[in-house]
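The listed protein sequences correspond, in order, to chains A and B.
Per our numbering, the very first residue in the first sequence carries number 1; after that it's consecutive.
Per our numbering, the very first residue in the second sequence carries number 130; after that it's consecutive.
Any given hint could turn out to be false.
Taking CB as the label site, the calculated pair distances span [stated by the list, open to error]:
id, chain 1, residue 1, chain 2, residue 2, range
1, A, K3, B, S199, 31 to 37 Å
2, A, E39, B, N463, 42 to 48 Å
3, B, P596, A, T14, 47 to 53 Å
4, B, K424, A, L67, 49 to 55 Å
5, B, G583, A, M1, 47 to 53 Å
6, B, G583, A, L20, 32 to 38 Å
7, A, E39, B, E390, 26 to 32 Å
8, A, T51, B, R576, 49 to 55 Å
9, A, L67, B, S524, 24 to 30 Å
10, A, T14, B, E347, 34 to 40 Å
11, B, S524, A, L58, 46 to 52 Å
Here are some chain A residues the structure puts well away from chain B; computed CB gaps all over 10 Å [as the list claims (entries may be wrong)]:
id, residue
12, N4
13, D106
14, P108
15, Q118
Simulated from the structure, these hints should not be mistaken for lab results.
All C-beta atoms in this analysis are idealised placements derived from N, C-alpha and C, irrespective of residue type, glycine included.
For reference, the chains in residue letters:
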Amino acid sequence: MTKNERMKEQILRTSGVNPLKCMRCGKCSGTCPSYDEMEYHPHQFVYMVETGDIEPLLASKSLYKCLSCFACVDRCPRSVEPAKLVEALRLMVIRQQGANHFKADDIPALVDEEIPQQLLVSALRKYSK
Amino acid sequence: MQRIGVFVCWCGSNIAGTVDVEAVSEALKKEPGVVFSTNYQYMCSQAGQDIIKNAIAEHKLSGIVVCSCSPRMHETTFRKTAAAAGLNPYMVEIANIREQCSWVHKDKLTGTEKAIILGRTAIAKVNLNAPLTPGESPVTKRALVIGGGIAGIQTALDIADAGFEVDIVEKQPTIGGKMAQLDKTFPTLDCAACILTPKMVDVAQHEKIRIFSYSEVESVSGFVGNFTVNIKKKARYVKEDVCTGCGLCTEKCPQKNVPNEFNLGMDNRRAIYIPFAQAVPKVATIDPRYCTMLKTGKCGVCSKVCTAGAIDYKAKDEYIEEKYGAIVVATGYNPISMEKFDEFAYSQSKDVITSLEFERLTNAAGPTAGVLLRPSDHKHPKTIVFVQCVGSRCSGAEKGKEYCSKICCMYTAKHAMLTRDKYPDTDVYVFYIDVRTPGKAFDEFYRRAVEEYGVHYIKGMVGKVSPQGDKLMVQASDLLANKQLHIEADLVVLAAAIEPDASARPLATMLTASMDTNDFFTEAHPKLRPVESPTAGVFLSGTCQGPKDIPETVSQAGAAAAKVIGLLAKDKLTGNPCVAHSNELMCNGCSSCERVCPYGAITYEDKEFRMPDRTTRMRRVAKVNEAVCQGCGACTVACPSGAMDLKGFASAQIMAEVDAICK
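Just need the whole structure built from these sequences, with the hints factored in.
Now the structure itself:
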């Protein structure tokens, strides 16, 4: 089993999504309000997970452009639930050991009057592993 | 004890090549009940059959076993042979030693051993066989067609042309169905009314056809060849035989604001109305929901203007009971409701319409006299977006249907093409998931829409339609360009999925005809018996069986008619004697058998039984209608007390066979 295949299996397990149900109509991408912000679009998330092309998705900023509005989940005619895939991919990024997406050194540059300190603490806990 | 004769066939070398036929006939001689055993090269030949006939006479045989090919092949042959020699044909058993033995074995020893076992098994069964006589029932030579759309019309015409009487029951005031509402028909683009209305007139004028319009089937009883049907003729408050169809009443009626269902509510009609100009029968009908006279007793304008004196405010529903030999279901379809598809704004904007509404908007007899105008402001739409598969091919979503509605690809191509042809200044977009155009000249038609008429076909789906001012903002994906599109449209047309008419399910219950989970009627065999219901005497025509277009519907309608004619041409129906019967002494009246019977063949009766203490007791016991029973055996399995058994395939016989194999 390749690394991508292992990751695919984990994504399918955490999301509960079966990408094989997709009939490739593109309604998820037709309905997505963040479409133009994304490098990979909702229907591509489904297809790339299906083909095991996971790493580019994990590295893409598209992951954080999803508003979790669930319009794609609501309107998908085949009940594929693309937003749940996005969420599972985000979790996979968070759970990567030693990835250190957020380092203590980054904090001073981010601090301003508006940001509650609590937010920085929780972000550090979440993203620094 | 039976006197059994065994006849082992060589089938040339087909059997004799891998089975020692001599050894088989010798071995089977020793089985209980066997008084004669022989073998011959071709048992099905005249000479072979003579051997059987002579043996029956000479050895006074009470049962025979033929070890030969599959019973599918020659069981009938040997049953006829037995009957000719004076033996009940159901005393014949076939041991299949060809398909199930000689053809599958290579080793002669194994083949011979198995042939002996199979022969022994058949002998064990014959030992328990009893002579059976098939029942006969007469056939009422009249057919009922339920539904007066193109399917029902074609079936009725074909049956009537063969010389049999046909009644059509149609719940609307006119026959014609959905096809009467269409504008043009794909792929040849002939006008629907031009090809349908002559057929409607043919029906009306045919001496063998009666039309019960504005009527519904209330109840059905009986069985194949002998149905009794109760038909409700709804009160139309106009005497059908007196009304001339002049239409004066429909112009003078003061109640003007009744949504016109023929135009799908896009314009209004009066409370007294004739659905459309070519209606058959061309008779006015009063809608009691809107008629002031019927509601308050004050008005009576139609009665005053009617020179024929056809108005009858006191009319009541009438019930007619009629007998039929065959029933054809042709209840048709409807587009599904678009109310739940919020994303397409169907309920929010008048300019989001269904394809059937689009048909009325382009029909010369429609609300706009055939000029394509938006419903909201009656302006000519410059940009039209067609959305395919709305509600079709949905899985797990409670608002859609799982199947492909089959007709949408073609009619959408037709709409797009006709729009571009009539209004070349219009931009037409079609959003598709797949374009499915199998059918004669169908794909060519779709390609013409793209190549000659410049319709923009976009692979993708519309995600959202939002009304903004007098425009409709369409947000959709273009999968091939990997882009999200935003189109400012004037009109959005939804290709809504189709579903069986709501009347189909109650009707199926009345007919004990089976349906699938989508409420389409099930056919007796999906490939080989596509126009018959598993319920004998019930036939299927048109979209009540599954989505289909007009050419397919007409073919199926003709096929259903052919099956009906085949049935009605018989004077008597010979039943299958291998049917269920109930041992009344063992039956406890639990209804298990009735619930599993797919044909509705089992009823219950209260019967008086003498008890050992000389008292009598009423008990509820099962009764099988032998003309309806198809001998499937479901009841024999369901029966907890072992009272149900299948004649010719009794549990005891099957157990004897199993025992013989395991011996």
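Status of each hint after checking the structure:
1. As the Cβ distance of A:K3 to B:S199 is approximately 57 Å, the hint placing it in 31 to 37 Å is violated.
2. Look at A:E39 against B:N463: about 44 Å separates their beta carbons, and that is inside 42 to 48 Å.
3. Between B:P596 and A:T14 the beta carbon distance is about 39 Å. The supplied range of 47 to 53 Å is therefore violated.
4. Checked against the hint of 49 to 55 Å, the pair B:K424 and A:L67 passes, with Cβ atoms roughly 53 Å apart.
5. For B:G583 and A:M1, the hinted distance range of 47 to 53 Å is satisfied, since their beta carbons lie about 50 Å from each other.
6. Take B:G583 and A:L20: their Cβ atoms lie about 36 Å apart, and the range 32 to 38 Å holds.
7. Between A:E39 and B:E390 the beta carbon distance is about 51 Å. The supplied range of 26 to 32 Å is therefore violated.
8. One distance hint, 49 to 55 Å for the beta-carbon pair A:T51 and B:R576, is violated here, with the actual separation near 31 Å.
9. The supplied range of 24 to 30 Å is met by A:L67 and B:S524, whose beta-carbon atoms lie about 25 Å from each other.
10. Checked against the hint of 34 to 40 Å, the pair A:T14 and B:E347 fails, with Cβ atoms roughly 57 Å apart.
11. Checked against the hint of 46 to 52 Å, the pair B:S524 and A:L58 fails, with Cβ atoms roughly 29 Å apart.
12. Non-interface status of A:N4 relative to chain B is upheld: no Cβ of that chain comes within 10 Å, the nearest being about 22 Å off.
13. Under the 10 Å C-beta cut-off, the non-interface status given to A:D106 relative to chain B holds; the minimum distance is some 33 Å.
14. For A:P108, the condition that its CB be more than 10 Å from all CB atoms of chain B holds, with the nearest at approximately 39 Å.
15. Distance check on A:Q118: its Cβ is at least 37 Å (rounded) from any Cβ of chain B, clearing the 10 Å threshold; non-interface status holds.
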